[in-house]
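Kindly generate the complete structure, drawing on both the sequences and the hints.
The sequence shown: position 229 = 229 (the UniProt record's numbering), numbered continuously.
No lab work stands behind these hints, which were simulated from the structure alone.
By construction, the Cβ of each residue, glycine as well, lies at the ideal position given by its N, Cα and C atoms.
Each hint should be verified, as a subset may be incorrect.
[Said to hold, decoys possible] Label-pair ranges, simulated between beta-carbon atoms:
{"id": "1", "residue 1": "LYS206", "residue 2": "SER185", "range": "21 to 29 Å"}
{"id": "2", "residue 1": "VAL162", "residue 2": "LYS134", "range": "21 to 29 Å"}
{"id": "3", "residue 1": "ALA202", "residue 2": "LEU172", "range": "48 to 56 Å"}
[Stated by the list, open to error] Only pairs whose alpha carbons sit at most 30 Å apart, straight line, appear in this in silico DSS-like list of lysine-lysine:
{"id": "4", "residue 1": "LYS18", "residue 2": "LYS65"}
{"id": "5", "residue 1": "LYS55", "residue 2": "LYS69"}
{"id": "6", "residue 1": "LYS239", "residue 2": "LYS215"}
{"id": "7", "residue 1": "LYS55", "residue 2": "LYS30"}
{"id": "8", "residue 1": "LYS71", "residue 2": "LYS30"}
{"id": "9", "residue 1": "LYS55", "residue 2": "LYS18"}
{"id": "10", "residue 1": "LYS213", "residue 2": "LYS200"}
{"id": "11", "residue 1": "LYS134", "residue 2": "LYS55"}
{"id": "12", "residue 1": "LYS69", "residue 2": "LYS134"}
{"id": "13", "residue 1": "LYS69", "residue 2": "LYS29"}
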Amino acid sequence: QELYSVLKQDHAKLQVAKEAAEQRTQELKKEHKIFEQQLPLNGNEERAHQIFAIKEENNRLRQEKQVLKNKLEELKKRVLWNDPVMMLPTLPEKKMIFKGLTVNKEDMNNLMLAPLIHYPLPGGSALITFEEVKVAQRIIEMREHMVELSCGELEELDQCRVRVQAVPMDILLPSALEIRLTQSSRSILVSDLPSLDISKEALLDKLELFFSKTKNGGSEVESREFLEDSAQVVLTFTKDG
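This is the structure in structure tokens:
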């Protein structure tokens with residue numbers, strides 16, 4: 001706050017100096033015009049020197065005015081930098097649209113399973129899956145097919161064809177699934193972590209330090225890791241309980 005007050009005073013002083021320089025420049029322009037009107041056609045050496053001095057003074061004031069203007073702009077930037085409230089009106093207005101997926105907190109404990117089925121195939125066989133059932137049925141009804149394996153236009157002797165058979169495939173699907181869950185005696189799940197302006201590694205360090213202290217009910221931490229695509233951390237201790 002004290003720095004801002006000093007910068008504001010300097011800003012006012014520079015503004016006054018700039019206005020004084022502008023006023024003096026206008027006065028010198030008027031004097032120069034009057035001297036030119038009073039100068040006789042045959043010329044007057046003394047007045048010519050006066051006009052030259054006025055021009056020099058005018059140039060000096062113009063340079064001083066530019067210097068003051070540059071200092072004033074620099075001081076304005078410093079004032080805006082030290083006062084965020086004054087900076088807000090200078091920022092460009094930009095419309096923003098936030099898009100994202102929202103998940104209910106009650107759904108976080110649901111278990112999602114995706115089947116990944118491996119089926120053994122005999123040698124020389126290939127499994128083809130179609131988007132529509134009727135396409136597969138039509139190919140199976142035709143049973144035998146002649147497949148062209150050669151590329152491009154070749155002579156009859158160079159062409160390669162193979163006769164294949166299409167047969168239906170029976171895939172065994174499980175009708176029931178049994179899962180046994182065992183609660184770990186050395187791991188805990190830390191959730192509802194706030195969004196902090198620190199890295200994940202720094203957050204893990206803070207959690208490990210907190211839960212490694214006996215006064216917080218913890219002990220030595222063996223490992224810590226973030227769960228993928230979540231704001232939850234799993235801490236594993238060296239001792240049970």
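Now for the hints, and whether the structure bears them out:
1. LYS206 - SER185: 21 to 29 Å: Holds - the Cβ-Cβ distance for LYS206 and SER185, about 24 Å, lies within 21 to 29 Å.
2. VAL162 - LYS134: 21 to 29 Å: 25 Å, holds
3. ALA202 - LEU172: 48 to 56 Å: Distance hint for ALA202, LEU172 holds at roughly 50 Å.
4. LYS18 - LYS65: Distance ~6 Å between LYS18 and LYS65 Cα, so the pair holds.
5. LYS55 - LYS69: 21 Å, holds
6. LYS239 - LYS215: 16 Å, holds
7. LYS55 - LYS30: Measuring from Cα to Cα gives roughly 11 Å; hence the hint holds.
8. LYS71 - LYS30: 27 Å, holds
9. LYS55 - LYS18: With a Cα-Cα distance of about 19 Å, the restraint between LYS55 and LYS18 holds, given a limit of 30 Å.
10. LYS213 - LYS200: 21 Å, holds
11. LYS134 - LYS55: Distance ~97 Å between LYS134 and LYS55 Cα, so the pair is violated.
12. LYS69 - LYS134: Given that 30 Å is the threshold and the Cα spacing comes to 81 Å, the pair is violated.
13. LYS69 - LYS29: The given pair, whose Cα atoms are some 20 Å apart, holds under the 30 Å limit.
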